[in-house]
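**Q** Sequence:
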Amino acid sequence: MLRSLGRERRERRERRERRGRRRAAAVDAEASPPRAGRTTSWCRCTSLLAASGASGGSSCPDAPDRVWFPAGRIFERMHRREPHPPRSVFGEQRCHPRRPAYCRTHYRGGFPMRKVTYSMSTSLDGYIVGPDGTFDWTTPDAEVFRFWIDDIRNVGVHLLGRRLYEAMLYWETADQETALDEADAEWTALWNPLPKVVFSTTLSAVQGNARLASGGLGEEIERLRAEPGEGDIAIGGATLAAEASALGLIDEYQVMVCPVLVGGGIPFFPRTERLVTLELVETRTFKSGIVYLRHRVVR
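Residue numbers (this note's numbering): 84 to 382.
None of these hints come from the bench; they were simulated from the model.
Hints may contain errors.
[What the hints assert, rightly or not] Distance ranges between label pairs, derived from CB positions:
no.	residue 1	residue 2	range
1	Asp208	Glu365	15 to 25 Å
2	Leu344	Glu260	28 to 38 Å
3	Arg229	Gly301	58 to 68 Å
4	Leu344	Pro311	43 to 53 Å
5	Ala262	Phe369	39 to 49 Å
6	Leu344	Gly314	27 to 37 Å
7	Ser371	Gly347	58 to 68 Å
8	Val364	Gln290	26 to 36 Å
9	Ser287	Glu260	20 to 30 Å
10	Gly216	Gln290	56 to 66 Å
11	Gln259	Arg294	16 to 26 Å
12	Ala262	Val381	17 to 27 Å
13	Ala296	Asp233	20 to 30 Å
14	Arg236	Val381	39 to 49 Å
Since we're looking at a predicted model, the values are computed, not measured.
The C-beta atom is built at its ideal place from N, Cα and C for all residues, glycine as well.
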């Protein structure tokens, strides 16, 4: 009796093992790579089922109609989809490849966030001010000045350091002291009413449509991005831009490269040991030999 009971249990166990091997063979056959000549390719997804064993759906839109898997376990599912070239991220195959994203595509409340730009004139060797403190070689001609006039129309607020703010104070009273030509008058009409935020630890008051920053650079930019408004958030000044770059806040670098070498001074780009991938989105060459380059930061 005990021997027959043991034999029966052994036979049931062998039958269960045979069924398990057949089932595993069927799953392996279904999950095997496509043979030569097939037009379909394979995509790998990994999902975690609920502990209750409910066979819920997958986040992948290419999921097949029926997939067998053991309930309540982490499982690896192979299924077919349209052919695509192999892609990998850190050695792991993904169903949907990761694409580059830009700050411009970040949304808050359903609207695109305002991008942060850093734009200045530089020498060919990358300096905005020479070793002697001068930058008269950046004085624009009529064609370049017209470009800056058109460009400032796209700015909603300008962030400045103390030195750049003091250099631009000339325009606050330029129309009162001298007779301006048409281009200067147009620039003054655009620049003076433009909201400005000045970052300084020595100034106690500012003039015109400007205010002193009430917080750090990162806090101010987040506040400005959260406020309703149009136009870019422009940054002027190498020191301020270096801090914004270190925080990863700059979305676009806009460089007006002048055909001159100065050999030293204040660099346009911050000297940080950090890789920043850029995408060239616009370039323009002027008759004077100045070249405008606009690069977008790839996120």
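**Q** State for each hint whether it applies.
**A** These are the hints, each one checked on the structure:
Remark: the range hint 15 to 25 Å for aspartate 208 to glutamate 365 is upheld by a beta-carbon distance near 22 Å. Against the hinted window of 28 to 38 Å, the Cβ-Cβ separation of leucine 344 and glutamate 260 comes to about 35 Å, which satisfies the hint. Judged by the Cβ atoms, the range 58 to 68 Å given for arginine 229 and glycine 301 is violated: they are separated by roughly 34 Å. As the Cβ distance of leucine 344 to proline 311 is approximately 45 Å, the hint placing it in 43 to 53 Å holds.
One distance hint, 39 to 49 Å for the beta-carbon pair alanine 262 and phenylalanine 369, is violated here, with the actual separation near 27 Å. A hinted range of 27 to 37 Å for the beta carbons of leucine 344 and glycine 314 is consistent with their spacing of about 34 Å. Serine 371 and glycine 347 have their C-beta atoms about 23 Å apart, which leaves the hinted 58 to 68 Å range violated. Range check, valine 364 to glutamine 290: about 35 Å between beta-carbon atoms, so the 26 to 36 Å window is met.
Against the hinted window of 20 to 30 Å, the Cβ-Cβ separation of serine 287 and glutamate 260 comes to about 25 Å, which satisfies the hint. Separated by about 24 Å at the C-beta atoms, glycine 216 and glutamine 290 break the suggested range of 56 to 66 Å. Taking the beta carbon of each, glutamine 259 and arginine 294 are about 22 Å apart, inside 16 to 26 Å as hinted. For the hinted restraint 17 to 27 Å between alanine 262 and valine 381, the CB-CB distance of approximately 47 Å leaves it violated.
For alanine 296 paired with aspartate 233, a C-beta distance near 28 Å keeps the hint of 20 to 30 Å intact. Range check, arginine 236 to valine 381: Cβ separation about 26 Å, and the 39 to 49 Å hint is violated.
The structure fails hints 3, 5, 7, 10, 12, 14 (numbered hints given earlier, in ascending order).
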